[in-house]
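Enquirer: Use these hints to put chain B onto chain A, whose structure you have.
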Amino acid sequence: MIKAYATVAAISAFLISGCQSEEPSPAPLANGIIYCSEGNPDTFNPQLVTSGTTVDATAAQLYDRLIDYDANQQKFVPALAKRWETLDNGTRYRFHLREGVQFHHTDYFQPTRELTAEDVQFSFNRWLDDTSLYHTVGGSYPFFSATGLDQLINKVVKIDKMTVDIVLNNADSSFLANLATDFAIILSAEYAQQLLVVDRPAQIDILPIGTGPYRFESYRKDVLIRYSRHPDYWREGPGIEHLVYSITPNANKRMLKLVTGECDIIPYPLVSELKALNRKELQVTNEVSPNVSFWAFNTEKEPFNDPLVRQALSHAINREAIIQTIYYGNAELAQSILPPTSWAYDDRGIQYRYNPEKAKRLLQEAGHANLNINIWAMPVQRVYNPNARRMAELMQSDLAQIGVSARIVSYEWNTFRRRLSRGEHDTVLIGWYADNADPDNFFRPLLSCAAVATGGNRANWCHPGFDQLLYSAIATTNAEERKALYQSAQHLLNQQQPLLPIAHSKRFQAQQKDITGVELPPYGGINFRLATKQTAEDDSQ
Amino acid sequence: MTRYLIGRLTVFIIAVFLLTVFSFSLNYFFPGDPITNMSGVRSFQSNYPLVMEMRAGNENIATQYLHYLRHLFAGNWGQSLSNGTPVFADGFQHFMASMELIILALLVAVTLGLPLGVFAASRFRQRSDKAVISLAMIGYSVPVFWLAQLMILLFAIKLGWFPITGQINPLYGVEPQTGSILVDVFLSNSEYKAAAFQDAINHIVLPVLILAIMPMMLLLRLMRNATQEMLQKPFVKAARARGLNEWRVLVKHAIPNALQSVLHQTTLLFSLMLTNSIVVESIFNWPGMGNWLIRSIFERDYPIIQSAVLMFAFVILFFNLLVELYHGWRFPIVRHEQYATR
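The listed protein sequences derive, respectively, from chains A and B.
FYI, the numbering for the first sequence is 1 to 541, going by UniProt numbering.
FYI, the numbering for the second sequence is 1 to 342, going by UniProt numbering.
This is chain A alone, in the form it adopts within the complex:
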């Protein structure tokens, strides 16, 4: 018995000594960053998805693109292509590749050569060419079909070892912008070849190889993703050795883990508790980001095929109240589907002001006095909409005032999107997050007739005149002309009102003060390329 007590004493002494650790943090902690992400990635190849979680986890960390977009200078800058030129009246782009770009060395792949034109050709043909051996591996390429890039590019031609030509079917001024997105990444053709030999092609998206600033180490579902620095990175890389994504879907837990120091950076902090984060070692950054949340009407269904009904319902919604209640004021009331920061924005003042009387009158004019509708509210948090369900509840009571009774519908996120694509909804609360700086990215993936087929057009709205405007706008490179065309497009949208834009939200991120260089680019996912962690030693110097 005495012995047992001694053991207890020893154990408790050990436990207590375990709690006090005031010494400087050991090397692995000082050299690594933990990012508490909100979910599991679907795959490690951003070509296959449009989901923000997957893009955040992979695109900027594992891969590089031919060109990058510099949001500060508002222009395209060289990346894997050191320069490029436009030939044949804008239907042929020639890219000169950078020499000495190394792929990741890992225990599952040892590259024998540097980046060449072959890799670029392989990466594009994967989603472009349905005869490519890898085309059916991994399924579909939603970004490329939604933007029409797979229809736009005719072929990718290798000119010599370090030169590639991309031949377009017609001139398109949004082409470079799409190339600079997180989706147009470059894979290793050599790795793909080796996997074909051992008959495991699917591994290319599970154990990824790229040229990016980090290489893949391990992934445990629901627990973590582990990356380490790519030592032979071709440009300035990160100041840390390890990057860990600690998967934490619960938003409250993410905040707590930031407070206890278990996370260095968290995305989507709860806006309602931002003030509580007012601790001196924490820092909250926000970025006006190109996004929009909207309420789309399924225009293929009665009575939403009548523009008058859509206008009436739009007048019934008190959007100012929504901005205050759902976004806590951290968003801007949307007048157009384009955010005001876009150069093609059409500033006409407030459209569809809250006016229940007018809404009632319009509804009577349209001959629908007592409507029964459903509102589909997405089940997840997104930058553009932190709480769609709550928003739907507010709208429900607004609609009740004009005699419209609304039922709120929600499913698990994947089911939700699948059913939406089948057009089962009356109206839906959803939104869009721009992938690139071109205004085209807000129109074609969301409201073109082509997008009805791919399921991106949540209003199922196909208007030939509107499509005509969009296609004229991308056929020209004259900025003034494009602006005029986009403004008439916005004007037309305003009359037709297939959807009611609600808000442009700010994107937030909270982090420890000692982390620097983590960019939240306005377009696309989080970027850890220049991330560093100041150690205690740096502070004292």
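These are calculated hints, taken from the structure and not from any lab test.
Keep in mind it's a predicted model, so treat the numbers as computed, not measured.
Careful, some of the hints might be misleading.
Claimed, not checked - If we take Cβ atoms under 7 Å as the criterion, some of the chain A residues that face chain B in the derived model are:
1. Pro26
2. Pro28
3. Leu29
4. Gly32
5. Leu224
6. His242
7. Ser246
8. Val259
9. Thr260
10. Glu262
What the hints assert, rightly or not - Derived lysine to any residue pairs resembling SDA-like cross-links, with alpha carbons at most 20 Å apart:
11. A:Lys253 - B:Leu150
12. A:Lys221 - B:Pro176
13. B:Lys252 - B:Asn225
14. A:Lys280 - B:Leu159
15. A:Lys221 - B:Val205
16. A:Lys82 - A:Met162
17. A:Lys221 - B:Asn83
18. A:Lys221 - B:Glu175
19. A:Lys221 - B:Ser82
20. A:Lys253 - B:Trp146
21. A:Lys253 - B:Phe145
22. A:Lys253 - B:Val205
23. B:Lys130 - B:Asn225
24. A:Lys221 - B:Gly166
25. A:Lys253 - B:Val279
26. A:Lys221 - B:Thr85
27. A:Lys253 - B:Met151
28. A:Lys513 - B:Gly160
29. A:Lys221 - B:Glu299
30. B:Lys158 - A:Glu281
31. A:Lys253 - B:Gly166
32. B:Lys158 - A:Val259
33. A:Lys155 - A:His135
34. B:Lys158 - A:Gly261
35. A:Lys221 - B:Phe88
36. A:Lys221 - B:Ala89
37. A:Lys221 - B:Gly84
38. A:Lys253 - B:Asn202
39. A:Lys253 - A:Lys82
40. A:Lys280 - B:Gly160
Note that the Cβ used here is the ideal one computed from N, Cα and C, for glycine as well.
Expert: The following block gives chain B in isolation, referenced to the frame of chain A:
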């Protein structure tokens, strides 16, 4: 003793048999294809016909059950429906992570609960006894999830002593081998083993403490009552009359006899802890069986659901068996009572 042993073992084997029948029939109760529910291989996958044949999918139900048992005992528990990882290997790691938590908590509960109970009994109806016993009452009644929130608020947020999720800071790069973090740190080839070990201890303190509180308080009360009862017995009076001091009376006479009835209750304690571990693991993101079960239920991952349920039930049965066997061996009176022999 042999008779007792055989009797207990027979009951155990019958219970396990019923358990496997239940988990086998779950495959038919879950929606979808029973073979897919068993193996995690979907009907469009290329190896499905093979799996179908291996598990005798076209034979009668009895043959299917026999094949199911064969797979079960061979450790071939199928693969996860959501990400294709083998269930048995995965389950083993989760099992070890849970056991680490539960065994440490049991240790804390026993080493603190029993002495406190004896202390309270020896001060029966005095002020210190009342203080201890009301504390035990409160500790036993507090819901685990609420207690966990309070402890997190105090120790992690306000004081910043302990982290709140996971087994270890992921930057130490300790990869799971056994699933039990303290063992994994020991097995890892990290240069910073000492620091990693300390970090793992820091992570484990809060969950262990919270898991330990309820059984500790229960043990305390049981021990107090049992010891008190013994202290009233004639043989204790006799011992006192022989002039033994109070300490010797307690240690030599009262406690060993009190332990007999308390020990029997530990089976109850164990199942209580397993139930609570589900809550604690979810709160602390501890990668144990409870967390595994909850996740699999959310994801409708049938091979994992049935394996986790099977493991939970088996662990409880097995622990009961061990306690009963030990009980019968250590206290002959138990087995004599059972068969009314002398």
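Enquirer: Next, verify each hint and record whether it holds.
Expert: These are the hints, each one checked on the structure:
1. Pro26: 4 Å, holds
2. Pro28: Since chain B brings a Cβ to about 5 Å from proline 28 of chain A, closer than 7 Å, the hint holds.
3. Leu29: 5 Å, holds
4. Gly32: Holds, because the Cβ-Cβ distance from glycine 32 of chain A to chain B comes to roughly 4 Å (cut-off 7 Å).
5. Leu224: 5 Å, holds
6. His242: 6 Å, holds
7. Ser246: Because about 6 Å separates serine 246 of chain A from the closest Cβ in chain B, which is inside the 7 Å limit, the hint holds.
8. Val259: At 6 Å from the nearest chain B Cβ, valine 259 of chain A passes the 7 Å test, so the hint holds.
9. Thr260: With Cβ-Cβ at 5 Å, under 7 Å, it holds.
10. Glu262: Constraint on glutamate 262 of chain A satisfied, holds at 5 Å.
11. A:Lys253 - B:Leu150: Judged against 20 Å, a Cα distance of about 14 Å means the pair holds.
12. A:Lys221 - B:Pro176: 13 Å, holds
13. B:Lys252 - B:Asn225: Given pair lysine 252 of chain B, asparagine 225 of chain B holds - Cα atoms ~17 Å apart, limit 20 Å.
14. A:Lys280 - B:Leu159: 16 Å, holds
15. A:Lys221 - B:Val205: 25 Å, violated
16. A:Lys82 - A:Met162: The given pair, whose Cα atoms are some 10 Å apart, holds under the 20 Å limit.
17. A:Lys221 - B:Asn83: 8 Å, holds
18. A:Lys221 - B:Glu175: Judged against 20 Å, a Cα distance of about 14 Å means the pair holds.
19. A:Lys221 - B:Ser82: 10 Å, holds
20. A:Lys253 - B:Trp146: 15 Å, holds
21. A:Lys253 - B:Phe145: Holds. Lysine 253 of chain A to phenylalanine 145 of chain B sits at ~14 Å (cutoff 20 Å).
22. A:Lys253 - B:Val205: Between lysine 253 of chain A and valine 205 of chain B the Cα gap is close to 18 Å, so the pair holds against 20 Å.
23. B:Lys130 - B:Asn225: The hint holds at about 13 Å.
24. A:Lys221 - B:Gly166: Judged against 20 Å, a Cα distance of about 14 Å means the pair holds.
25. A:Lys253 - B:Val279: Holds: lysine 253 of chain A and valine 279 of chain B sit about 15 Å apart, inside 20 Å.
26. A:Lys221 - B:Thr85: 10 Å, holds
27. A:Lys253 - B:Met151: Holds: lysine 253 of chain A and methionine 151 of chain B sit about 15 Å apart, inside 20 Å.
28. A:Lys513 - B:Gly160: Holds, at roughly 17 Å.
29. A:Lys221 - B:Glu299: 13 Å, holds
30. B:Lys158 - A:Glu281: Cα-Cα ~14 Å, so holds.
31. A:Lys253 - B:Gly166: 12 Å, holds
32. B:Lys158 - A:Val259: 10 Å, holds
33. A:Lys155 - A:His135: 15 Å, holds
34. B:Lys158 - A:Gly261: 12 Å, holds
35. A:Lys221 - B:Phe88: Satisfied, since the Cα-Cα distance of roughly 16 Å is no more than 20 Å.
36. A:Lys221 - B:Ala89: Holds: lysine 221 of chain A and alanine 89 of chain B sit about 15 Å apart, inside 20 Å.
37. A:Lys221 - B:Gly84: 11 Å, holds
38. A:Lys253 - B:Asn202: 18 Å, holds
39. A:Lys253 - A:Lys82: 43 Å, violated
40. A:Lys280 - B:Gly160: 15 Å, holds
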